[in-house]
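Residue numbers (the working numbering), protein chains in the order written: chain D, 19 to 334; chain V, 166 to 520.
A portion of the hints provided could be inaccurate.
Stated by the list, open to error - Chain D residues, not near chain V, derived (Cβ > 10 Å throughout):
no. : residue
1   : Trp-50
2   : Lys-60
3   : Lys-100
4   : Asn-101
5   : Asn-116
6   : Val-139
7   : Ala-153
8   : Arg-161
9   : Asp-165
10  : Leu-174
11  : Gly-226
12  : Asp-260
13  : Asn-305
14  : Ser-313
15  : Leu-331
Claimed, not checked - Straight-line alpha carbon distances no greater than 20 Å define the calculated SDA-like cross-link-like pairs of lysine to any residue that follow:
no. : chain 1 : residue 1 : chain 2 : residue 2
16  : V       : Lys-487   : D       : Lys-302
17  : V       : Lys-505   : D       : Arg-325
18  : D       : Lys-227   : V       : Lys-481
19  : D       : Lys-118   : V       : Gln-516
20  : V       : Lys-330   : D       : Ser-327
21  : D       : Lys-88    : V       : Ser-402
22  : D       : Lys-302   : V       : Lys-505
23  : D       : Lys-88    : V       : Gly-503
24  : D       : Lys-227   : V       : Leu-336
By construction, these hints were calculated from the structure, which means they are not laboratory data. The C-beta atom is built at its ideal place from N, Cα and C for all residues, glycine as well.
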Amino acid sequence: MNAYLGVDIGSISTKGVIIDDSNHILASSYIWTQGNPMKAVKTLMHNLEKQIDKKKIHIIGVGTTGSARKLIGTMLNANVIKNEITAHAVGTLSLYPNVKTIFEIGGQDSKIILIEDGIVVDYAMNTLCAAGTGAFLSSQASRLGVDVEDFGKIALTSKNPTKIAARCTVFAESDLVHKVQMGYQKEDIIAGLCKSVVSNYLNNVGKGKKIKAPIIFQGGVSKNIGVKKAFEEEVGCEVIVDENGHLMGALGVALLAKKSPIKTNFQFSIADDNFETKGIECHKCSNHCEIICVSRNKQLIDAWGNRCSNGDLMNR
Amino acid sequence: MKPERIISFPHLGDYYIPIKFLLNKLTKLKVIESPPITKKTIELGSKYSPDFVCVPFKYNLGNFIETLENGANVLIQAGGGCRYGYYSEVQEKILKDLGYHFEFYTLVNSNRITPRSFYQTLKKIDPKISTFKMIYYSFLTILMIRYMDNIDDFIRKNIGFETKKNSFLDLKKEMLDSYTKCKGYLSLTKRYFYYKKRFKQLEINKPKDCLKVGIIGELYTSMEPFSSYFLEKELASMNIEIKRFTNVSYLLYQKSLQRRKNLRYIEKYCKYTIGADGMDNIYRAKYLIDQGYDGIIHIKPFGCTPEIGAIPIIRKVCQDGKMPIIYFSFDSQTSETGIKTRLEAFYDMLQIRKG
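Take these sequences, add in the hints, and give me the full structure.
Pasting the structure below:
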């Protein structure tokens with residue numbers, strides 16, 4: 019049986035799925051990246067390998083997405099390397115063909131994707147500001163001494179959410195400290211934080227966009243039920259959170275790998291190979307490009323980061 | 166004996182070639198161009214610039230510092246209808262504070278360039294310039310710029326489909342080299358038509374229904390490829406036909422000629438000019454929609470006020486015309502990865518829409 023692997027390597031978490039020809043998920047895994055995408059992918063491969071019958075299933079397509087897509091794409095010899103916006107749209111559309119709006123809040127960035135008749139018509143991505151992302155929530159959770167996983171539940175117990183300045187992480191944080199010292203209840207502050215994430219998102223990423231139902235909310239922060247509730251209050255309609263919402267990017271890129279005319283021969287043994295990356299600075303002109311070299315078992319397989327042909331290490 | 170006067174100017178795409186040509190023909194001064202823009206240029210520029218100034222200021226300042234280090238002691242700066250109008254004074258002050266010794270001349274004093282002000286400034290630089298020579302070579306240079314821009318338009322339409330890698334850019338380089346050697350109107354025009362023919366002969370593999378994207382926005386980021394992280398090159402590598410309006414020909418004479426016509430075209434959205442190229446970009450957005458383009462990319466330096474004023478109107482124009490558009494703001498700190506990701510997604514979106 020033919021199967022396709024999709025890997026989504028974000029800043030915080032690494033996700034992988036294996037699908038068959040009829041788009042059923044055969045195996046999936048969700049682990050923390052912990053600042054080491056290569057190691058995370060190796061662990062991911064071991065996890066996925068255990069879930070399937072290797073004798074029956076042949077992986078003929080590999081796709082990668084997420085911020086480390088290029089590095090991992092090189093490592094896994096992927097036939098599709100796609101940006102996360104397209105991957106999320108494709109993945110979500112395969113499960114919810116009539117979705118109109120996708121909210122996605124991840125660890126380091128957040129995006130909004132607008133869809134009309136199954137086609138992406140507009141999107142926006144916030145890469146400048148950390149307010150309203152998972153990283154912000156988890157740092158505030160540790161400041162308040164709560165597990166970020168419990169954040170949503172605690173937020174729901176609040177009857178009177180505190181207002182927290184949402185414009186910017188730094189302002190939000192100092193406002194939060196101030197409110198804590200004033201004696202506000204912890205659950206009210208947590209509920210206020212969830213609200214501030216939502217209003218920040220809608221004011222920054224969703225600015226000027228026409229948000230229409232059905233709305234799907236995904237990314238790590240979608241697991242936070244408090245943020246989901248705050249979204250519903252703000253947009254005035256139901257916001258769907260899929261139980262596989264965290265896998266949408268990986269699923270989307272697996273589907274794209276399936277569609278691609280190029281096929282690849284993938285073996286799980288790749289996880290046991292020795293991959294290394296090395297950053298070198300090119301001194302051939304004053305651009306001083308930082309070139310990343312990826313080697314497999316001490317052999318250079320790819321290099322990138324050069325602006326001109328002087329730094330082209332591969333064709334030399 | 167006074168030291169030799171060496172004149173220099175900041176970079177803007179390939180336009181250093183006609184500027185250098187003009188200065189060489191007119192003045193007795195030695196002309197050097199600033200070293201090509203690299204990461205070091207922008208690092209130097211940002212280091213000595215106010216943090217929130219728009220990014221062209223930083224590039225220009227970096228150019229000035231590098232060229233001063235190479236021995237230049239006469240600098241020229243232009244100016245324009247936005248913050249650009251204050252560049253020269255502030256840059257002169259910053260450079261003087263850094264301890265450099267030089268003369269500084271501004272070509273555009275009040276908002277727009279007139280032949281008279283241009284003449285007066287040149288006379289100040291070199292009093293021996295003959296009036297006849299100045300008129301003769303100024304128009305020759307304008308013609309050269311016009312020819313360059315015409316060819317650039319052709320290149321942007323076709324470079325994404327070249328069958329032999331770099332064939333367009335190699336020929337362009339050859340053409341620009343040849344332009345610098347021309348003597349008069351006839352020899353320039355001959356060269357233009359010769360190269361135009363050769364460009365048309367270059368082999369391309371262009372499908373009829375290729376993606377067509379228009380680039381609109383602020384002038385410096387449009388014309389200086391380094392400042393937009395080689396956006397056009399990136400688009401060409403995705404096999405996209407590119408239309409860009411802003412070039413020096415446009416700024417020199419087309420802009421003022423077209424103003425009334427353009428305003429009438431967009432009277433539903435905008436009734437008067439809104440500074441720099443703001444109104445022009447609203448016109449362009451509408452024009453691109455009416456011409457059946459597939460997408461628009463709007464670029465500007467971070468904090469560019471005229472464009473910030475134009476964006477809400479452009480957004481409305483694009484909503485009405487159902488036109489996909491993305492906005493990029495460039496600064497010295499912009500993450501290249503962020504731009505690439507969004508550009509890729511934009512490409513995918515256009516591709517899927519086209520079906």
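For each hint, the structure was consulted:
1. Consistency note on D/Trp-50: stated as away from chain V, and its beta-carbon is indeed over 10 Å from all of that chain's, at 21 Å minimum.
2. Its beta-carbon lying about 23 Å from the closest one in chain V, D/Lys-60 satisfies the requirement of being farther than 10 Å from that chain.
3. Remark: the non-interface label on D/Lys-100 conflicts with the geometry, its nearest Cβ contact in chain V lying 7 Å away (cut-off 10 Å).
4. Remark: the non-interface label on D/Asn-101 conflicts with the geometry, its nearest Cβ contact in chain V lying 4 Å away (cut-off 10 Å).
5. Distance check on D/Asn-116: its Cβ is at least 16 Å (rounded) from any Cβ of chain V, clearing the 10 Å threshold; non-interface status holds.
6. Non-interface call for D/Val-139 relative to chain V: violated, since the shortest CB-CB distance, roughly 7 Å, does not exceed 10 Å.
7. For D/Ala-153, the condition that its CB be more than 10 Å from all CB atoms of chain V holds, with the nearest at approximately 16 Å.
8. Here D/Arg-161 stays apart from chain V, with its beta-carbon at least about 27 Å from theirs, past the 10 Å limit.
9. In this structure D/Asp-165 is separated from chain V by more than 10 Å, as the shortest Cβ-Cβ distance comes to about 31 Å.
10. Non-interface status of D/Leu-174 relative to chain V is upheld: no Cβ of that chain comes within 10 Å, the nearest being about 34 Å off.
11. Separation of D/Gly-226 from chain V is inadequate, the least Cβ-Cβ distance of about 6 Å not exceeding the 10 Å criterion.
12. Chain V leaves D/Asp-260 outside its interface by the beta-carbon criterion, the shortest separation being 21 Å against a cut-off of 10 Å.
13. With 10 Å as the threshold on Cβ separation, the claim that D/Asn-305 sits away from chain V is violated: the shortest Cβ distance comes to roughly 4 Å.
14. Remark: the non-interface label on D/Ser-313 is consistent with the geometry, its nearest Cβ contact in chain V lying 22 Å away (cut-off 10 Å).
15. With a least beta-carbon separation of about 18 Å from chain V, D/Leu-331 lies farther than 10 Å from that chain, consistent with its non-interface assignment.
16. Annotation: proposed proximity of V/Lys-487 to D/Lys-302 is violated, straight-line Cα distance about 46 Å (limit 20 Å).
17. Taken as a hint, the V/Lys-505 and D/Arg-325 pair is honoured in the structure, with Cα atoms around 14 Å apart against an allowance of 20 Å.
18. Of the pairs offered as hints, the one joining D/Lys-227 and V/Lys-481 holds, with about 11 Å between alpha carbons and a cut-off of 20 Å not exceeded.
19. Distance restraint check for D/Lys-118 and V/Gln-516: the Cα-Cα separation of roughly 19 Å lies within the 20 Å cut-off, and the hinted pair is therefore satisfied.
20. Among the hinted pairs, V/Lys-330 with D/Ser-327 is consistent with the structure: their alpha-carbon atoms are about 13 Å apart, no more than 20 Å.
21. Taking the CA atoms of D/Lys-88 and V/Ser-402, the gap is about 17 Å. The hint holds against a cut of 20 Å.
22. The hinted pair formed by D/Lys-302 and V/Lys-505 fails the criterion: a straight-line CA distance of about 25 Å is larger than 20 Å.
23. Distance check on the hinted pair: D/Lys-88 and V/Gly-503 sit about 14 Å apart at the alpha-carbon level, within 20 Å; holds.
24. Between the alpha carbons of D/Lys-227 and V/Leu-336 the distance comes to roughly 44 Å, so the proposed pair goes past 20 Å and is violated.
Hints 3, 4, 6, 11, 13, 16, 22 and 24, counting from the list given before, are not met by this structure.
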